[in-house]
Amino acid sequence: MAEIQEQGGGGGKDGKARSKKMSTKVDLTAMVDLAFLLITFFMLTTTLSKPNIMPIIMPEKKDINEEDLEATKESQVLTLLLGGNDKVYFYEGITNAVLDSTDYSAEGLRAKILDKKDRVKAEWGEDEKDDPKNPGQKKMVSKLNVIIKPTKESRYKNLVDTFDEMKICNIGRYVMLDISTQEENFIKNPAGGLQFSVEDQLKAAKGAEK
Amino acid sequence: MPKHKPKRSAPSLDMTAMCDVAFLLLTFFILTAKAKPQETVTVDTPSSISESKLPDVGTLTILISPEGDVYLDPAGSHARKALIETMNATYSMGLNAQDQRKFVNGGSFGVPMNQMAAYLNADAADRNRFPKGIPIDTVDVNKSELANWIHQARLAQFNYKKEMMAEGKEVSEYAIVVKADQNTPFPAVQRVINTLTDINVNKFNLITTQESDPNK
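Protein sequences, first through last, are from chains A and B.
Note that my numbering has the first sequence beginning at 1, numbered continuously upward.
Note that my numbering has the second sequence beginning at 1001, numbered continuously upward.
This is chain B alone, in the form it adopts within the complex (with noise of 0.2 Å):
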């Protein structure tokens, strides 16, 4: 009697199971992707060996355009709406609550504090038309829009940071970050570097990218 082999069909995986799992990582990485708000100015920064990284959280940038135009732009919510507050009311900028909303959940800005009202309830397009860049005075520091900003922002940050120390939560002081253009004339970037030194700021970090060590 022959005998009858057994019949084998081929081995089929299920891969249905699996699939979730993919997807379900897939969904986990793309929401932990922070959205960025429009960047209102694009910077291509230089290159060094550094390799240093940016810290995670509290950073205060300071973006410089190629033509030499100012924007900062706080980190932290807690920090920007605490910093909003303090400038609409020591300088009277006329904001409401719904701009100052705006302000908490834009991304970096650089107008004048008297154009700030109009420039936040202004969309993308007509934004464009405002001057560009935070005013700068070389000659008065105290009055240099710039500086009364990366103040306020400071000390907002601090205050926050108090507040979470008493919570025991652990906020860290704003790193101070120069984002600046390769072809930004030094002009541009000394006048920053004068504000940040005037007011006692003489710790900052440079963004660059990273370029090979030919030492290594």
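So here's chain A without its partners, still in its complex pose (with noise of 0.2 Å):
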């Protein structure tokens, strides 16, 4: 890698005493390659240190409607109440809701919210908007409304996976509200049914309840 030359030694044969000079020449490739390295190191820090989002825009407290809300058939509406210890509990529609719990796997609540989106497009088949991504066509966009109320058991990640599911699972329509009594008791004891009705959830969503 290094060389030495060895200059003016030669010269000895004069006879004169010559100390040997000595030039050193040091291969620098090592160290460009060790600069490269660090460059690229800074460069994807900078980069990756940007972290991603996931934007979320709530109703306003004052838009919604009664004629919206009732507009929406029963059976096309799933509400899930995000429980404490990574639990999902869920029932469709109002009147004769049956509890049932899932977990935040694929298998889980995945697997629930897309059983439900297909009964609903058996049931009620899909409407028809203006594709964003492609202007003046049109997508097919479930009918299916999901509620998603959490409990004060949940924690952040619940409620972030959640929203995930909706995208992942293609749900146009979800919104978050807050949770009820009555839904909480109704955890607490599914067998007892569900005192709810749509008036209530109207209130709910005002937020005239606090």
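Keep in mind the hints are simulated off the structure, nothing from the lab.
Among the hints, erroneous ones may be present.
[As the list claims (entries may be wrong)] Here are the computed lysine-lysine pairs in the BS3-like style, where the Cα-Cα straight-line distance is at most 30 Å:
(1) B:Lys1081 with A:Lys133
(2) B:Lys1053 with A:Lys129
(3) B:Lys1081 with B:Lys1053
[Stated by the list, open to error] To list a few chain A residues with every Cβ distance to chain B over 12 Å, as calculated:
(4) Lys20
(5) Ile57
(6) Gly93
(7) Asp100
(8) Lys112
(9) Lys139
(10) Pro190
[Unchecked claim] Reference excerpt, derived from the structure (chain B facing chain A, CB under 8 Å, subset only):
(11) Ser1048
(12) Leu1054
(13) Asp1099
(14) Phe1158
(15) Asn1159
(16) Leu1206
Using N, Cα and C, we set each Cβ at its ideal position, and we do this for glycine too.
Got two chains here, separate frames each, mind docking them using the hints?
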């Protein structure tokens, strides 16, 4: 790698004592490799430090109309109650609701949502909406409405995972609302049934009950 | 006569110049990597398949620790300066110019307003002893410190944007970003979301780490 050339030693024939001058050459290839490695490291870490975001749009408190909520058919609604210990409770519709529970795995929550989505599609078909990615074209959107109500035992990760599932399962219409005491009781006592009406749902959505 | 082959020495390349260029580039990247002021609380965000990136400038970060304490971090020194001046005047926090400068150069903060002066003058070790988190009043949003901070921060950035637009420069308004830990209990997040909707901020973003999309 490094070279050492001797010069001046050849002049020793004169009889005068000459010290050997040595010039050294150091091969800088390794240094350059190191420098480029460091550059690559810094280039990548500054771009990696930008985290991803998940945009959320909350409904304005005054915007919810009676007509909007009542026009939705009961059988098109799936309500998810996010419980503690990473458990999700869910029920369909409002009248004669039956509480079931699952977890956040792909076979759990995702399977249940997709199953409900297929049943809604079989019974009611799908909606045709303008495709924002291909202007002028339409895309089919599920009629399924999902209401997400986290309980106070749930953690933030549960909420983000649920929003994520909405995106993965391609659910167009979902909203996060406050959980009501009737639903909290329903979780504690599923056999007791759910005493919750559309008017209660409206009041909860408008935030009248705090 | 024997032909003398021309003496060939092994080709050697002088790498000095290449090395200089490499270190110049390195220096450039090190200097453009912005130094972050020390985070007051470490947050482990949950993952999602979302691939939207955080906007470059103009973010108001709301940090929620695993214990449910709320910290705020408005970006941009202009807006921070205007913000602390307004808050100091409106809520009589008793900050002098030096304290205000410390605020502008600092990172996220999470103390009640009446403790802000003492907090800014304390060093890193003492800062841990202050009450953690900005108080949130769930009953009356007008008295809620968090709501007032967010409202004034957005106003400060909006005024800065107007000033820059008069000079022909593009500045965006604040994008509200919520950075909460995976284990933050939901009621803490709910209080923040309710504060935001009460002051008519209905669009915000949640920070997540990347998760692979099962559909792809």
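Among all the numbered hints in the text so far, which are the ones the structure does not match? Going through the list in order, the structure violates hints 1, 5, 13, 14 and 15 and respects the others.
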